[in-house]
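Peer 1: Could you build the full structure based on these sequences and the hints that come with them?
So the chains spell out like this:
There are 2 protein chains.
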Amino acid sequence: MQRTRFGDMACSIARTLDVIGEPWSPLILRDVYVGITRFDALQQDLGISRKVLAERLKWLVEKGVLARQQYSSRPPRHEYTLTTKGEELCDLLLVMVGWGDRWTAGEAGPPALHRHHACGEFSHVELHCSVCGQPMHATDVDVLPGPGAAAG
Amino acid sequence: MQRTRFGDMACSIARTLDVIGEPWSPLILRDVYVGITRFDALQQDLGISRKVLAERLKWLVEKGVLARQQYSSRPPRHEYTLTTKGEELCDLLLVMVGWGDRWTAGEAGPPALHRHHACGEFSHVELHCSVCGQPMHATDVDVLPGPGAAAG
DNA sequence: CAATTGAGTTGCCTCAAGGAACTCACTCGA
DNA sequence: TCGAGTGAGTTCCTTGAGGCAACTCAATTG
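Same order as they appear, the protein sequences are chains A and B.
Just so you know, we're using the working numbering here: the first sequence kicks off at 230 and counts up by one.
Just so you know, we're using the working numbering here: the second sequence kicks off at 230 and counts up by one.
It is worth saying that the hints were derived from the structure and are not from the lab.
Mixed in with the good hints there might be a few duds.
Mimicking DSS-like on lysine-lysine, the simulated pairs with C-alpha atoms at most 30 Å apart in a straight line are [as the list claims (entries may be wrong)]:
#1 Lys280/A / Lys292/A
#2 Lys314/A / Lys287/A
#3 Lys314/B / Lys314/A
#4 Lys314/A / Lys280/A
#5 Lys280/A / Lys314/B
#6 Lys280/B / Lys314/B
Peer 2: In structure tokens:
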């Protein structure tokens, strides 16, 4: 949809958006993550047009986020599953959930709860520094050019 | 751009996407976060059409993510700054950077580095459980309906 | 007084999203 | 063996969103 492709920009945010930035893509990822893996099931759950769904799935498979696997040979039937790359993208969804629950849920409360396997409690994700382990938010960091920054 | 509005869905991911899911919005947020706060500066940095930029900024201000502030009265000049709500959305950008650096940076390395104030080191964010403090990834949680789930 | 700058607005054109109908291969039940 | 059903798309048409360029308007600098 966007004519301007984000994949060529020297910015990891833009390049991530190139993969899952198009409308519906994160919701498709969410559905596959919660176990809705077949074309028709996705189409019905999302209310997305079949055309757009087919395009998005193809793109996500190309990008290595989803894998298209045959689960029946006669008749040939496929399902979409997460690759490791895709599973790690789901962490992004978890963070979206955190923000959405906090700022958009309102009186009714969060639409979904997340129970952490390790402790068995319902919780949210928090961001920590990979080096020192302390909390790390956008306001706690300086952004500096890295090795992959565009020249000029 | 998407005709289907995500804001009405009973899903925090969809509602988050309703706010910043449209093309360019996350990049606008990134720019404001790194200190590019004026209309023309944003337009030039992003290469976005002025029309779309005006629309996005208006939307983000309406949604309470950005604030439009006058920094000069004669001539009247404005800049866009992050609200608390917007700052917390930037955490999402940090996670995007993490994924993008890991999966899309390639040989050249990450385009930007993030130095954590607390420890002074260049690092990435990691996701931890808000209850037990242990690492928490999408594969480590069960998703269950919450109080705000749609009936049926 | 002309040129410049900041911050948009307007108009036109193309391409993408939505929707519905159609295809095609296979299976199941009568 | 006929018809209905299912999974997985593809095709076609209409509408509307994004890109681009030009225009506005007010104040400021030279």
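Peer 1: All the hints need checking, so say for each whether the structure fits it.
Peer 2: Hints, one by one, checked against the model:
Restraint check for Lys280/A and Lys292/A: the C-alpha separation of about 19 Å stays at or below 30 Å, so the hint holds. A distance of roughly 16 Å separates the Cα atoms of Lys314/A and Lys287/A; the hinted pair therefore holds under the 30 Å criterion. For the proposed pair Lys314/B and Lys314/A, the alpha carbon gap of about 29 Å is at most 30 Å, so the pair holds. With a C-alpha separation of about 25 Å, the suggested pairing of Lys314/A with Lys280/A holds against the 30 Å cut-off.
With a C-alpha separation of about 35 Å, the suggested pair Lys280/A and Lys314/B falls outside the 30 Å cut-off, and the hint is violated. Taking the CA atoms of Lys280/B and Lys314/B, the gap is about 25 Å. The hint holds against a cut of 30 Å.
The structure shown violates just one earlier hint, number 5.
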